[in-house]
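Here are the chains, one letter per residue:
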Amino acid sequence: MAEAMRQINPDVCAAYPITPATEIMQIFAGFVNDGMVKTELITVESEHSAMSACMGSAAAGARTMTATSSQGLALMYEMLYIAAGYRLPIVMAEVNRALSGPINIHCDHSDTMGARDTGWIQLFSENAQEAYDNLIQAVRIAEHPDVLLPAWTSTDGFIISHGMENVHIYPDAEVQKFIGEYKPAFNLLDNSKPITVGAADLPDFYFEHRRAAYEGMRNAKQAIVEIGREFGKTFGQTYGFFEEYHLQDAEVALVAMGSTAGTARVAIDNLRARGLKAGLLKLRVFRPFPAEELAAALKHVSHIAVLDRSDGFNAQSGPLGTELKAALFDAGTRPKTVNYIYGLGGRDIHFTELEQIAEQTLKAGEPKDLNSRVIYWGVRE
Amino acid sequence: MLNLKQLSLQEKKGLAGGHRACSGCGFPQAINMIFGQSTVPVVTTCATGCMEIATTIYPFTAWRGNFMHSAFENAAATISGIETAYRSLKKQGRLPGDDKMNFVAIGGDGGTYDIGFQALSGAMERRHNILYICYNNEAYMNTGVQRSSATPKGGHTTTSPAGKVVPGKVQFPKDLTHILAAHDLAYAGQASVGYHLDLMRKADKAFSLAGPKFMNVYTPCRLGWGSDPSQSMEIARLAVETCLWPLYEVVDGEWKLTRKIREKKPVTDFYKTQTRFRHLLKPENEELVKEIQAEVDKRWHRLLLRCGEGA
Chain A
1 MAEAMRQINP DVCAAYPITP ATEIMQIFAG FVNDGMVKTE LITVESEHSA
51 MSACMGSAAA GARTMTATSS QGLALMYEML YIAAGYRLPI VMAEVNRALS
101 GPINIHCDHS DTMGARDTGW IQLFSENAQE AYDNLIQAVR IAEHPDVLLP
151 AWTSTDGFII SHGMENVHIY PDAEVQKFIG EYKPAFNLLD NSKPITVGAA
201 DLPDFYFEHR RAAYEGMRNA KQAIVEIGRE FGKTFGQTYG FFEEYHLQDA
251 EVALVAMGST AGTARVAIDN LRARGLKAGL LKLRVFRPFP AEELAAALKH
301 VSHIAVLDRS DGFNAQSGPL GTELKAALFD AGTRPKTVNY IYGLGGRDIH
351 FTELEQIAEQ TLKAGEPKDL NSRVIYWGVR E
Chain B
1 MLNLKQLSLQ EKKGLAGGHR ACSGCGFPQA INMIFGQSTV PVVTTCATGC
51 MEIATTIYPF TAWRGNFMHS AFENAAATIS GIETAYRSLK KQGRLPGDDK
101 MNFVAIGGDG GTYDIGFQAL SGAMERRHNI LYICYNNEAY MNTGVQRSSA
151 TPKGGHTTTS PAGKVVPGKV QFPKDLTHIL AAHDLAYAGQ ASVGYHLDLM
201 RKADKAFSLA GPKFMNVYTP CRLGWGSDPS QSMEIARLAV ETCLWPLYEV
251 VDGEWKLTRK IREKKPVTDF YKTQTRFRHL LKPENEELVK EIQAEVDKRW
301 HRLLLRCGEG A
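Chains as they are written, first to last, in my numbering: chain A, 1 to 381; chain B, 1 to 311.
Just chain A, same shape as in the assembly (with noise of 0.2 Å):
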C-alpha cells in the first residue's frame, strides 16, 4: 500500500501511527524523505488532526491521502462524516483490527464497521495485490466528478497488512496516467475567488446538501464500475462490486469479504470435490451497497452463509447479514440464511471450518429462532 501511495504520489498526507497501519505511513515517510515523492507530510499529534489536517489540504485543492486502523478510525469518527459532507474526496488505507475493549491488535471488521454509514466509499481486498490495485482505484472513484466522496482500502490486520506475498507493480508512469490529475473546481488557495467551506447549514438547506452527498455515493456505483473495468483494460484485472466463485449452479453460498475469501476458495474447491455444490461470493464494494446486484447473483441459491468479521450490538445479525437479507428481501428471494460472527479479534479461521459451515448451512432448516439464525462460530460458550 505504500508502494500504491509512492506512485500515487499525493501533494499532502497527514497521519498518526496505530498498529498495524503504522507500516503504511512509516515505509512512506521514507519515500518522502529520501525525495522520491513530492508530498509534504504532517506528522500529526492524533488521528482526529489527521483527518482535519486532510480535510484543510483537500479543501486546499491537494490530492490528500492518510492511513489509519481501529482505535485511530474511531478518533477520527467525527471528521469521517464532515469529509464526506464536504465532498473531499481524501483516500484512506485502512488496515481493519478490532476495536477495544477488551484492547486488541488483531484482524476484525468492528472498526470500519462501526463507521460503515459515514459516507466513505469502501473497498474491502483479499490480499496484497487486491490492497495495491485498489488503492489506486480508490483515488480515480473518490475524485470522480459525480461522486466527490472520500474513500477507504479496507484490509485485515496482519493477515495482508504483514502477510508476504508477491504483487505484481504496475510502471510507475501507467499509474500516475491512470490517475490523472486532481483538479477540483474549488480551492480555498485562489485568492480571485474566496470561497466559505463549511457554513452553518440550518433546516432550510441542511437536508439538501445531505441529500446531494447521498447522491454522490448512488453515483459511485456507476464510477466504480467504470474505473474497475478500465482498470481491467489497463492493468489486466478488472474489478466490479464483487467476484463470483462456482456460483452459478451452487445450492449454497458463503459471501464473505476480506481475506477470508481466499480460505474460502479452498473450500469450496474440496466442497467441489465432495459433490457438493458451493459457491463464493465475495464481495468487494461495502459501500455504496450493491443491493440489487447481490440480489441477482444470489437469485438461485438456496441457502446463503453471510460471514460477518464483526458483530453489531443490534441483538440481531452481523453488519453484512443485516444489509444482505434486507437485499434479498427486496429482491422477492427467500433463501434459507444464516449468518455466522466469525474470527473476532484476529482468532483465525480454517478452511475445513468453512466447508463445515457450507455444509451445515445446507441442511438448515427454516430458521426457527435467534440461534438458529446468528451463530457465532468457534465461540466458547
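Among the hints, erroneous ones may be present.
Unchecked claim - DSS-like mimics (lysine-lysine), calculated; alpha carbons at most 25 Å apart, straight line:
(1) K38(A) / K90(B)
(2) K100(B) / K177(A)
(3) K90(B) / K193(A)
(4) K38(A) / K5(B)
(5) K177(A) / K38(A)
(6) K193(A) / K91(B)
(7) K177(A) / K91(B)
(8) K193(A) / K100(B)
(9) K100(B) / K183(A)
(10) K193(A) / K12(B)
(11) K12(B) / K153(B)
(12) K221(A) / K325(A)
Read the hints as simulated data drawn from the structure, not as lab findings.
Please build the complex by placing chain B on the supplied structure of chain A, with the hints as guidance.
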C-alpha cells in the same frame, strides 16, 4: 500598520458588515483590526462557536477571504493541513499568480483552552507558518455560558453558578498565553480589544514573522457577562487596568510588557460592571475576593519579573 481610518476603508479582508454578532460583541472588531494588518490575502479556519455561527449561516458568509470551518476542536489542525497544501502546491509551481498569503486559525476560549488545546499544541510544535487567534470571552458562550478553563475564579456561568454553597467558578483560569509561549513560538501575545492600537501593533508584528504565532485576545461578551453593550470597550480596558488581563508579548523568547500599569485598580472595579460577578460584591464573599486579588497580584508580579520590569 493601518490606522483605524484606513482599516475602515479596506474591503478585502476580515468580516463584511451584516454578520449576526450581538451588539457590543468583542470579536468582530478584534478580527477586523487584526486582519487589516495583513498585507496579503488571509486564509482562515475557525472553531465551532459564536463566530462561526454569526458569520456563516448558509447561504450567507461575512468572510471576505477564503474561509473554512469544520468542527470544534480542530481549527489548528485544519489550518496546518491548508498551510501544508500551500507549501506542497507552491513548490510544485501549481499556485496561480501572486501566491503570497497568511494562514490564520481562530477559536474561542472553549475551542482553544479546552477542546482544541491538543490540536493547537500539535500545530505549534510542528512549526507551521500560521497565526492562531483565541478570542477569549471567558466561557462557552455559543452553547449558553458554560464555564471553561479560561473562566475567572468566582465567575458565574450556567455550569458554575453562584449558588448558596459554591460562589461561582472554583478554580483560577489557565494561563494559556504562557503555555503557548513555552512552545518557543515566533510570536506569542496577549491583547485586549479595548486597547486597539496595542492589538493592531501586535497583529502587525505577528504577520511580519515567519513560523508559529499565537495571540490571545480579550473580547467581552455582553450576554455571558451581563454587561452593558455600550460599555464593552471600557470593560475590555478595565480588565487590563486591574491586571486581570495584562498586555504583553513574547518574541523569540523575550518577554515584554506592552502596557505598564502604574496604578493598579482593584478587581472589584471590574466586577461592578458585570452581573456575572454580582455575588462577589456581597459581604459574605469578601474573603474570596481578597484571595482572588492576592492571586492577581502574584501573577502580575511574576509577569513583571519575566518582562524584566523588576517589580
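Hint by hint, here is what the structure shows:
Between K38(A) and K90(B) the alpha-carbon distance is near 11 Å, which keeps this suggested pair within the 25 Å criterion. With a C-alpha separation of about 31 Å, the suggested pair K100(B) and K177(A) falls outside the 25 Å cut-off, and the hint is violated. For the hint linking K90(B) to K193(A), the alpha-carbon distance of about 18 Å falls within 25 Å, and the restraint holds. The hinted pair formed by K38(A) and K5(B) fails the criterion: a straight-line CA distance of about 45 Å is larger than 25 Å.
For the proposed pair K177(A) and K38(A), the alpha carbon gap of about 16 Å is at most 25 Å, so the pair holds. The straight-line distance between the Cα atoms of K193(A) and K91(B) is roughly 22 Å, inside the 25 Å bound, and the hint therefore holds. This hinted pair checks out: K177(A) and K91(B) have alpha carbons roughly 21 Å apart, not beyond 25 Å. A threshold of 25 Å between alpha carbons decides the hint, and for K193(A) with K100(B) the separation of about 15 Å falls inside it, so the pair holds.
Simply put, K100(B) and K183(A) have alpha-carbon atoms about 21 Å apart, close enough for the 25 Å limit, and the pair holds. A distance of roughly 12 Å separates the Cα atoms of K193(A) and K12(B); the hinted pair therefore holds under the 25 Å criterion. The suggested pairing of K12(B) with K153(B) is violated, with an alpha-carbon distance near 40 Å, which exceeds 25 Å. For a cut-off of 25 Å, the pair hint linking K221(A) to K325(A) stands: about 20 Å separates their Cα positions.
Checked against the numbered hints above, the structure breaks hints 2, 4, 11 and satisfies the rest.
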